[in-house]
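A.B. asks: Spelled out, the chains give:
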Amino acid sequence: MSAVTAPTQGKRQAGKKPVASDRAKAETRLGQRLVAPAIILMLLVTAFPMLRAIYLSTFDYALTAPEDREFLGLSNYLTALTDPLFWQTTGMTVLYMVVTVAVELVIGFIFAMVMHRVIFARGLIRTSILIPYGIITVVSGFTWQFAFSFQNGFINGWLPFVGDDFNWFGETTPAVIAIMVSEIWKTTPFMSLLLLAGLAQVSEDMVEAAKVDGATWWQRLTKVILPNMRAAIMVAVLFRALDAYRIFDNIFVMTAGAQKTESISFLTYRQTIEQFQLGMGSALSVLLFLSVLLVAYLIVKLFRVDLAQARQES
Amino acid sequence: MRNKIGIVVGCVLIMIWCLLPVAWIISLSFKSEESITNGSPGFLPAEGGFAGWDNYQAVWDNEQFRRAIFNSIGISLIATVLSVIVATLAAYAIARLEFTGKKAVLSLSLAIAMFPVVSLVGPLFDMWRAIGLYDTWPGLIIPYMSFTLPLAIWTLSAFFREIPWEMEQAAQVDGATSWQAFRKVIVPLAAPGVFTAAILTFFFAWNDFVFGISLTSTENARPIPASLSFFVGADPFNRPASLLAAGAVIATIPIIVIVLIFQRKIVAGLTSGAVKG
Numbered sequence: 001m002s003a004v005t006a007p008t009q010g011k012r013q014a015g016k017k018p019v020a021s022d023r024a025k026a027e028t029r030l031g032q033r034l035v036a037p038a039i040i041l042m043l044l045v046t047a048f049p050m051l052r053a054i055y056l057s058t059f060d061y062a063l064t065a066p067e068d069r070e071f072l073g074l075s076n077y078l079t080a081l082t083d084p085l086f087w088q089t090t091g092m093t094v095l096y097m098v099v100t101v102a103v104e105l106v107i108g109f110i111f112a113m114v115m116h117r118v119i120f121a122r123g124l125i126r127t128s129i130l131i132p133y134g135i136i137t138v139v140s141g142f143t144w145q146f147a148f149s150f151q152n153g154f155i156n157g158w159l160p161f162v163g164d165d166f167n168w169f170g171e172t173t174p175a176v177i178a179i180m181v182s183e184i185w186k187t188t189p190f191m192s193l194l195l196l197a198g199l200a201q202v203s204e205d206m207v208e209a210a211k212v213d214g215a216t217w218w219q220r221l222t223k224v225i226l227p228n229m230r231a232a233i234m235v236a237v238l239f240r241a242l243d244a245y246r247i248f249d250n251i252f253v254m255t256a257g258a259q260k261t262e263s264i265s266f267l268t269y270r271q272t273i274e275q276f277q278l279g280m281g282s283a284l285s286v287l288l289f290l291s292v293l294l295v296a297y298l299i300v301k302l303f304r305v306d307l308a309q310a311r312q313e314s
Numbered sequence: 001m002r003n004k005i006g007i008v009v010g011c012v013l014i015m016i017w018c019l020l021p022v023a024w025i026i027s028l029s030f031k032s033e034e035s036i037t038n039g040s041p042g043f044l045p046a047e048g049g050f051a052g053w054d055n056y057q058a059v060w061d062n063e064q065f066r067r068a069i070f071n072s073i074g075i076s077l078i079a080t081v082l083s084v085i086v087a088t089l090a091a092y093a094i095a096r097l098e099f100t101g102k103k104a105v106l107s108l109s110l111a112i113a114m115f116p117v118v119s120l121v122g123p124l125f126d127m128w129r130a131i132g133l134y135d136t137w138p139g140l141i142i143p144y145m146s147f148t149l150p151l152a153i154w155t156l157s158a159f160f161r162e163i164p165w166e167m168e169q170a171a172q173v174d175g176a177t178s179w180q181a182f183r184k185v186i187v188p189l190a191a192p193g194v195f196t197a198a199i200l201t202f203f204f205a206w207n208d209f210v211f212g213i214s215l216t217s218t219e220n221a222r223p224i225p226a227s228l229s230f231f232v233g234a235d236p237f238n239r240p241a242s243l244l245a246a247g248a249v250i251a252t253i254p255i256i257v258i259v260l261i262f263q264r265k266i267v268a269g270l271t272s273g274a275v276k277g
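Each protein sequence line maps, in turn, to chains H and E. With the first letter of the first sequence counted as 1, position 19 gets the number 19 in this note's numbering; the numbers rise by one all the way through. With the first letter of the second sequence counted as 1, position 43 gets the number 43 in this note's numbering; the numbers rise by one all the way through.
Calculated directly from the structure, the hints in this document are not laboratory data. Virtual Cβ for every residue (Gly too), placed ideally from N, Cα, C. Be a bit skeptical, because a hint or two may be false.
What the hints assert, rightly or not - Sample of chain E residues at the chain H side, in silico, Cβ under 7 Å:
(1) 120
(2) 126
(3) 145
Just chain H, same shape as in the assembly:
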């Protein structure tokens, strides 16, 4: 790290602050030119459409009747925010996020601990853990839908407490569980790989020292290992939570939103693409975007609080 930045730092010192040397100017120009294509592409596909979504959201605009487009102001938002369906899907989305991330964090951490300690067959374990990560979410959705299905699945046969003809997709709770299982199966490997990288950064010496001092396994875990991996845990939780909040593919494949399993992404998609209600769909898009920002903010804030608390403790 320092070896790489050293030359540029040296250069900047040589040039001193007030006079930006020609060389520094040339470097800035080159740097900006090199990042320009990436910036333009990212803005073209996100910022511009997002602004357009804000604009469209103020209209009653259905693609099936484009001539009847009518300016509404904020009334689309009012309609959405006063509709119980909106709040029900938002609640369901939060539920998907909280449960899947919590379960993944626990299972992912156990997997990471095992992979960290394993000496033999490392390649084999890592290859297998990448398979769920690589598989298309739609395929994972089908796999679990068929597995839970009473017509062609095996899960009813394997679970002692449900009947052979139990229909998992006939009611909200079991359908939600099935969707969550698929989501958790597919994304736990990602979580465990990030946690594994975090584990690798915890110094073995500290763990050994704690062991010599007579700390139990649990104490070593909670007082030494976990606090030292806080950054890795935060990154993993943030990434996965935002990803889980956008849940769409599994719901589309497994229930198509039936039995109140719909997520906020799914509602937005249905309004925009299936019902061609671009105005309302755009309003929902903006709300979805804002709620993702809120979730990101809350998670970052939550971890900051934890950081401060931990510092006071130590």
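Based on these hints, arrange chain E on the given structure of chain H.
C.D. replies: Just chain E now, kept in the frame of chain H:
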């Protein structure tokens, strides 16, 4: 000793977790359609319910399916190559140069990585229809590129930061031209990182579903995940399970092959981009 047993048990559990559903979908893809509609819940094909390669044959003979595989391979590969080129330029600048706006690039890519994809399908749907990109390859390649750029930029700049750039100067001192120094010294060092970014980008493009179903309407550009979900009939509760399973297995093979060959690079890329970046 107790520790060792725990690890072995853990390893076995991980393997079961990862591979059981894969084994199940493969098993399902070899069952005959009749044995499934008769309702014989079981993991392995029951006696007489083994269809052999018939399902695979039937899926492969389906024109739409073949077309979707072709679309997916083409679109994902083009998006990957273009995205990695653009990301390499940006990551090189971020890792190597001092310039105004560097922070802005990093925060913008962070914001895009968090962006809810579904928020964009409405406006993109509308725009693409207006300018004629709807239901075309570029109509998918462009969104794939911009959504894979953040990951590629992070991964690559993390890799590039580790490269000892002084070696380039050393080569020049030894008499190489700057182009020779760059090509013979830096390119071989950067290649593994670029390759890793390419694999992760390809995964994203191959996995995408939201854009695939929203921005296409015919087999013109519809990629494999979207095509699978629309496979036969609108009734989501009565799909031809074993045929779909065969299709799913075929769609998964490219990914499995990539994972098998490049396992170490993928792990390095996933973790370096997220933890060090």
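A.B. asks: Hint by hint, note whether the structure agrees.
C.D. replies: Here is how each hint holds up against the structure:
no., hint, in the structure
1, 120, "holds, 5 Å"
2, 126, "holds, 6 Å"
3, 145, "holds, 6 Å"
Every hint from the earlier list agrees with this structure, and none is contradicted.
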